[in-house]
Amino acid sequence: MSESPLVELAVDFGLLSLIAVGGVMTVLPEMHRMAIDQHGWMSATTFAELFALAQAAPGPNVLFVSLIGWQVAGLAGALVATIAMIAPSSVLTFAVASVWERFRDARWRKAIQRGLAPVTTGLMLGAAYLLTRAADHTLAAYAVTGFTAVVLVTTRVNPIWLIVSGAVLGLTGVV
Amino acid sequence: MAHPATHRPTARELFAGFLSIGIAGFGGVLPWARRMLVETRRWLTPREFTDVLGLCQFLPGPNIVNVAVAVGARFGGAGGALAALAGLMVAPFAVVVALGALYTAYGHVPAVESAFRGVAAAAAGLIVAMALKMMRAGVTRLDAGIVAGLAFGGIALARFPLVLVLAVLAPLSVLAVWRSVR
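So the protein sequences, as listed, match chains V and U.
Note that numbering that gives the first Met the number 0 numbers the first sequence so that position 45 is 44, with each residue one more than the last.
Note that numbering that gives the first Met the number 0 numbers the second sequence so that position 44 is 43, with each residue one more than the last.
It cannot be assumed that every hint is accurate.
Derived pair list, reagent style SDA-like, types lysine to any residue, alpha-carbon separation capped at 25 Å [to be verified]:
| no. | chain 1 | residue 1 | chain 2 | residue 2 |
| --- | --- | --- | --- | --- |
| 1 | U | Lys-132 | U | Ile-145 |
| 2 | V | Lys-109 | V | Ser-97 |
| 3 | V | Lys-109 | U | Arg-178 |
| 4 | V | Lys-109 | V | Leu-17 |
| 5 | U | Lys-132 | V | Phe-146 |
| 6 | V | Lys-109 | U | Gly-137 |
| 7 | U | Lys-132 | V | Val-150 |
| 8 | U | Lys-132 | U | Pro-45 |
| 9 | U | Lys-132 | V | Ile-159 |
| 10 | U | Lys-132 | V | Asn-157 |
Just a few of them, taken from the derived set where beta-carbon distance is under 8 Å, the chain U residues facing chain V [unchecked claim]:
| no. | residue |
| --- | --- |
| 11 | Cys-55 |
| 12 | Phe-57 |
| 13 | Pro-61 |
| 14 | Ala-69 |
| 15 | Val-96 |
| 16 | Leu-125 |
| 17 | Ile-126 |
| 18 | Gly-137 |
| 19 | Arg-158 |
| 20 | Ser-172 |
Here are some chain V residues the structure puts well away from chain U; computed CB gaps all over 12 Å [claimed, not checked]:
| no. | residue |
| --- | --- |
| 21 | Glu-2 |
| 22 | Pro-4 |
| 23 | Val-6 |
| 24 | Ala-9 |
| 25 | Gly-39 |
These aren't lab readings, by the way, just hints derived from the structure by calculation.
Just so it is clear, CB atoms sit at the ideal spot from N, CA and C, and this is done for glycine as well.
Model the full assembly from the supplied sequences, consistent with the hints where possible.
Written out as structure tokens, the structure reads:
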């Protein structure tokens, strides 16, 4: 607790980078735990709002990490969190890319990939649950979340329109 | 390679190519990466792209960042990887920090707060949809369903650290599929 927030950001996201199996979204519950329960960097509502902000911006999902860093320690925090989240996994990718041919078709490689799939699915369900709890405080808000999910599962609408609709519903006081 | 890519990009071209991906997509940029790498600039054949994507989804970390590193390294070694990575990140990072600054300055204005309530609810719906699609695609057997349920309960209800959840469930789940993998 006596450590500087920048060191905490570097260490926590550096480790997260190497256990982020299945990408950034599956470690959302871990970020939720780190930012709210462990370090007390922000409230659950702020977490959900920053996530929404990241979704409303163009670019890779990993930039949500930049916003957490920003909230904790400004521009330096954003830089440190982002670099910590991408550097370790990038070094690993760089190292493995040249030898990938050798074990691409290995049985253990396929077993790991197939075995991790249900784990990452469970983590993603966890992310969905925690974000919904953090974002929705009224029945109307739950309805917006549910409607958005159903539309995205059943149609090919660009998600940005649902984000814009959410903003309009919020502004007009429906949610 | 059966179908060598028709063009070998320089570091500068890698930077520019991934810059165009970085600012393109909303809610995930992988489809844009495919369009740029395979269709527009023809640096990779469809098969090569699928192979790179397989590597990048297998390894931990942000998938699209791994794609930038793997493609950059393939054409330009460490320098190429850095050029592609910088191209991917620099513009959206600037945008998101600007949005962060606006959020800090105006986040407590009542109208902005109201809008955010709706946007946050919709953004949560995005992730619900993503989780449901993953369920539909990957969890078709009972043992996979049990593992997914345990991962959900461990991370979201019991709030165990991710390291613990992975250390217990990943080996179990890999063992469970071992027989069915050749």
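Hints, one by one, checked against the model:
no. : hint                       : result
1   : Lys-132(U) with Ile-145(U) : holds (17 Å)
2   : Lys-109(V) with Ser-97(V)  : holds (18 Å)
3   : Lys-109(V) with Arg-178(U) : holds (11 Å)
4   : Lys-109(V) with Leu-17(V)  : holds (19 Å)
5   : Lys-132(U) with Phe-146(V) : holds (15 Å)
6   : Lys-109(V) with Gly-137(U) : holds (14 Å)
7   : Lys-132(U) with Val-150(V) : holds (12 Å)
8   : Lys-132(U) with Pro-45(U)  : holds (24 Å)
9   : Lys-132(U) with Ile-159(V) : holds (18 Å)
10  : Lys-132(U) with Asn-157(V) : holds (16 Å)
11  : Cys-55                     : holds (7 Å)
12  : Phe-57                     : holds (6 Å)
13  : Pro-61                     : holds (4 Å)
14  : Ala-69                     : holds (5 Å)
15  : Val-96                     : holds (5 Å)
16  : Leu-125                    : holds (6 Å)
17  : Ile-126                    : holds (5 Å)
18  : Gly-137                    : holds (4 Å)
19  : Arg-158                    : holds (6 Å)
20  : Ser-172                    : holds (4 Å)
21  : Glu-2                      : holds (18 Å)
22  : Pro-4                      : holds (15 Å)
23  : Val-6                      : holds (19 Å)
24  : Ala-9                      : holds (16 Å)
25  : Gly-39                     : holds (15 Å)
Hint violations for this structure: none, all hints satisfied.
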